[in-house]
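Those protein sequence lines, which keep their order, are chains A and B. Under this note's numbering, the first sequence is numbered contiguously, ending at residue 428. Under this note's numbering, the second sequence is numbered contiguously, ending at residue 856.
Errors might be hidden in some of the hints.
Residues on chain B that point at chain A, a partial pick, calculated with CB under 10 Å [stated by the list, open to error]:
(1) G548
(2) Y550
(3) G634
(4) P640
(5) T728
(6) W732
Everything labelled a hint here was simulated from the structure, so no lab data went into it. Even glycine gets a Cβ: it sits at the ideal position worked out from N, Cα and C.
Here is what each chain is made of, one letter per residue.
Protein chains: 2
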Amino acid sequence: MNTLNETHDPKLRSWVASANEAGCDFPVQNLPFGRFRTARGVEALRIGVAIGDQVLDLRATGLIHTDDMNALMAASPADRRALRAAISAGLAEGSSRQGAWQGALHAQSALEMAVPCHIGDYTDFYTGIHHATTVGKLFRPDNPLMPNYKWVPIGYHGRASSIGVSGQHLRRPLGQLKGAADAPPVLGLTQRLDYELELGYFAGAGNALGEPIPMGEAEQHLFGLALFNDWSARDVQAWEYVPLGPFLSKNFASTVSPWIVTMEALAPFRAPLKRPAGDPQPLPYLDSAANREHGALDITLEVWLQTAKMREAGAPAVRLTRGNAREAAYWTPAQLIAHHTVGGCNLQPGDLLGSGTLSGRKPDEAGSLLELTLGGKNRITLPNGESRTFLEDGDTLTLRGCCERAGAVRIGLGECAGTVLPAVALDA
Amino acid sequence: MNTLNETHDPKLRSWVASANEAGCDFPVQNLPFGRFRTARGVEALRIGVAIGDQVLDLRATGLIHTDDMNALMAASPADRRALRAAISAGLAEGSSRQGAWQGALHAQSALEMAVPCHIGDYTDFYTGIHHATTVGKLFRPDNPLMPNYKWVPIGYHGRASSIGVSGQHLRRPLGQLKGAADAPPVLGLTQRLDYELELGYFAGAGNALGEPIPMGEAEQHLFGLALFNDWSARDVQAWEYVPLGPFLSKNFASTVSPWIVTMEALAPFRAPLKRPAGDPQPLPYLDSAANREHGALDITLEVWLQTAKMREAGAPAVRLTRGNAREAAYWTPAQLIAHHTVGGCNLQPGDLLGSGTLSGRKPDEAGSLLELTLGGKNRITLPNGESRTFLEDGDTLTLRGCCERAGAVRIGLGECAGTVLPAVALDA
Numbered sequence: 001m002n003t004l005n006e007t008h009d010p011k012l013r014s015w016v017a018s019a020n021e022a023g024c025d026f027p028v029q030n031l032p033f034g035r036f037r038t039a040r041g042v043e044a045l046r047i048g049v050a051i052g053d054q055v056l057d058l059r060a061t062g063l064i065h066t067d068d069m070n071a072l073m074a075a076s077p078a079d080r081r082a083l084r085a086a087i088s089a090g091l092a093e094g095s096s097r098q099g100a101w102q103g104a105l106h107a108q109s110a111l112e113m114a115v116p117c118h119i120g121d122y123t124d125f126y127t128g129i130h131h132a133t134t135v136g137k138l139f140r141p142d143n144p145l146m147p148n149y150k151w152v153p154i155g156y157h158g159r160a161s162s163i164g165v166s167g168q169h170l171r172r173p174l175g176q177l178k179g180a181a182d183a184p185p186v187l188g189l190t191q192r193l194d195y196e197l198e199l200g201y202f203a204g205a206g207n208a209l210g211e212p213i214p215m216g217e218a219e220q221h222l223f224g225l226a227l228f229n230d231w232s233a234r235d236v237q238a239w240e241y242v243p244l245g246p247f248l249s250k251n252f253a254s255t256v257s258p259w260i261v262t263m264e265a266l267a268p269f270r271a272p273l274k275r276p277a278g279d280p281q282p283l284p285y286l287d288s289a290a291n292r293e294h295g296a297l298d299i300t301l302e303v304w305l306q307t308a309k310m311r312e313a314g315a316p317a318v319r320l321t322r323g324n325a326r327e328a329a330y331w332t333p334a335q336l337i338a339h340h341t342v343g344g345c346n347l348q349p350g351d352l353l354g355s356g357t358l359s360g361r362k363p364d365e366a367g368s369l370l371e372l373t374l375g376g377k378n379r380i381t382l383p384n385g386e387s388r389t390f391l392e393d394g395d396t397l398t399l400r401g402c403c404e405r406a407g408a409v410r411i412g413l414g415e416c417a418g419t420v421l422p423a424v425a426l427d428a
Numbered sequence: 429m430n431t432l433n434e435t436h437d438p439k440l441r442s443w444v445a446s447a448n449e450a451g452c453d454f455p456v457q458n459l460p461f462g463r464f465r466t467a468r469g470v471e472a473l474r475i476g477v478a479i480g481d482q483v484l485d486l487r488a489t490g491l492i493h494t495d496d497m498n499a500l501m502a503a504s505p506a507d508r509r510a511l512r513a514a515i516s517a518g519l520a521e522g523s524s525r526q527g528a529w530q531g532a533l534h535a536q537s538a539l540e541m542a543v544p545c546h547i548g549d550y551t552d553f554y555t556g557i558h559h560a561t562t563v564g565k566l567f568r569p570d571n572p573l574m575p576n577y578k579w580v581p582i583g584y585h586g587r588a589s590s591i592g593v594s595g596q597h598l599r600r601p602l603g604q605l606k607g608a609a610d611a612p613p614v615l616g617l618t619q620r621l622d623y624e625l626e627l628g629y630f631a632g633a634g635n636a637l638g639e640p641i642p643m644g645e646a647e648q649h650l651f652g653l654a655l656f657n658d659w660s661a662r663d664v665q666a667w668e669y670v671p672l673g674p675f676l677s678k679n680f681a682s683t684v685s686p687w688i689v690t691m692e693a694l695a696p697f698r699a700p701l702k703r704p705a706g707d708p709q710p711l712p713y714l715d716s717a718a719n720r721e722h723g724a725l726d727i728t729l730e731v732w733l734q735t736a737k738m739r740e741a742g743a744p745a746v747r748l749t750r751g752n753a754r755e756a757a758y759w760t761p762a763q764l765i766a767h768h769t770v771g772g773c774n775l776q777p778g779d780l781l782g783s784g785t786l787s788g789r790k791p792d793e794a795g796s797l798l799e800l801t802l803g804g805k806n807r808i809t810l811p812n813g814e815s816r817t818f819l820e821d822g823d824t825l826t827l828r829g830c831c832e833r834a835g836a837v838r839i840g841l842g843e844c845a846g847t848v849l850p851a852v853a854l855d856a
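The following block holds chain A by itself, in its conformation from the complex (with noise of 0.2 Å):
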């Protein structure tokens, strides 16, 4: 069996060709779980690992007994990375496996996914402090950065029911509207339906209520991460946010991509924490020397864009957005674990942390259109002639990741993509 850094040897290659392709996003040293469908009918998820364009039905490989993904994140660290080794052995080139586990492929096109676990809680978090100072800037142009922002990693409480898989197709959400100061709110729908790019980090192992995670424990109970969007209706979310914050404007829909990259596949690719000169140093609680050294993610991100005459006219989806997470994020994912159960609330195998939308530094590296717009009074032309202040139905937004470094593997994150649906008939 191969040692949990064989995993990442750049030189290993798997038995499955699409693998080794360039630019691909599962290669051998990603192995990404999954939750599927095949297209024959069969009703229960199973769980599966992404490798090139197919999928390894991980309990068909024997490696594992059960179809429950939560189970699976609640394992210890060390079984987690004793699965990965033998994944990793098993998919490799010249594995003794390839015979007995080629039956247990399926072509990722035949499969339909699910959203990758069992989400109790969700979570979302503010950590892109770019995204927040613009944002603070269009709703309280005189107040951008609260004065909590660099203590506290903010957060609040997200809806679980309404999460999807990529692929969703969601409707354009009825809310509150507010016009002139003197006028009453009417219902509408949204005229300022928005993404937000960010990325879902997936809790392992939990916590009993009443006992926090201290930062050095934090990593061991983050399982992986995903790509996460945000959708957010503006107008609504202006009007109903005060004082106790979104809510509508939010819990309508919200996507998340089919494949848990995980802490050890993303371990190549950990970068150093860097706080500009002169804000406050974290408290002892959110500060490790650890965290400081590699807490941060080197993650490149990406929005596309596809609208409905685009897909029409068979042109491509274009590129809106290009930024890496570790210039967007204030707080990494162990901070934002031991902020969570600091009070003691107990986090659960399965439950997503939003890291918020990550936002760069400049303005073609922002993460919604609310930023990229500037609150809609800039106007995005697209290369086919047609412009947007927000989304409009019919479009197509994707959310692309991917890690690169020299002397590693690229491994990707697949993708995350909705579809806006015009809204159903408003009767109310």
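Position chain B relative to chain A; hints supplied.
Chain B only, in chain A's frame:
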């Protein structure tokens, strides 16, 4: 079998003698649902109905064939009414079922109760207008009630994992505390631990994502209600809550009472919804004639405190508050259902919707210490000479509720108790 109306008949008595005693919370007219384990070490939860000081094991009666409360909650209104009528008939004096059902009874005192259903998502609303006004004054003296309050049933998502059942012992939480304006925050134990007197409304049958529930159908999606204590760390809250709302100040624990009193049982205690003259009318999606006529709930609510010293001295708890939900709540449960789903958010059976703190108009009807002590300024003196601004370690806080009306049998909500434990040692 009794008709639904007959289940409320004041003349109806049970062969369970304790159910006929004056002041009993659980007469045969109530029939609330809960989940229990026997003290005999049986691990699996079973569905029970409270009757007097006993619990009827519902599956043992043969009326249901599941231990899954959420499945029972998802039943159609017609099936729910039929089940209630059958339970009522079987427990009524003279029933031929008495012999068979006698063996399905357990003494409540011998059982361990659980959170009454699986709570997938928990939302906390803010329907207590007197609470919102008083607290608004403390947090924002110049802007107590936000301009959206009388238009939007303000709510936010809460933490489901940390909800426990009455009898819960909760640790005093750690959190960031901000002192003087120019001093950095510190991690410390909350010094302003508070309770919030709420009702918790439980969803029955849900809705599909993207399909709002109109007002006319909202009550059909309500299963029932319980008492709910939204413990709050006020010092943590004041520092963390801008701009995205409360987080660690609330998610360390919440407590719910074990018995869900059904909407069927509450039918005799519905009341007109009165909006003060001059207030805006609700938008059409939040309005219906039925809601105006009997959307509100006539429920008396109380808060009781027993300190450790009182307990040691054998002294009973003292009442801090007595008020009525009808006077406190600006929005009805049906309006909360309609609002929650208007953007397409999907409710699922067992989802919990907190009412927010139900404080009456008068100062002694306040549902939190924050209000009773005006932010800690007015210390409360207890009969034994102790005093409180906020909760201290060892305090047991108990919520109680009941419905009383001339011509109807009193029904109770049971109690929702929690005891504050000292924090664990702080190593962070």
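Cross-check of the supplied hints:
1. G548: holds, 6 Å
2. Y550: holds, 8 Å
3. G634: holds, 8 Å
4. P640: holds, 7 Å
5. T728: Constraint on B:T728 not satisfied, violated at 27 Å.
6. W732: Interface hint status for B:W732: violated (24 Å vs cutoff 10 Å).
Violated hints for the displayed structure, listed by number in ascending order: 5 and 6.
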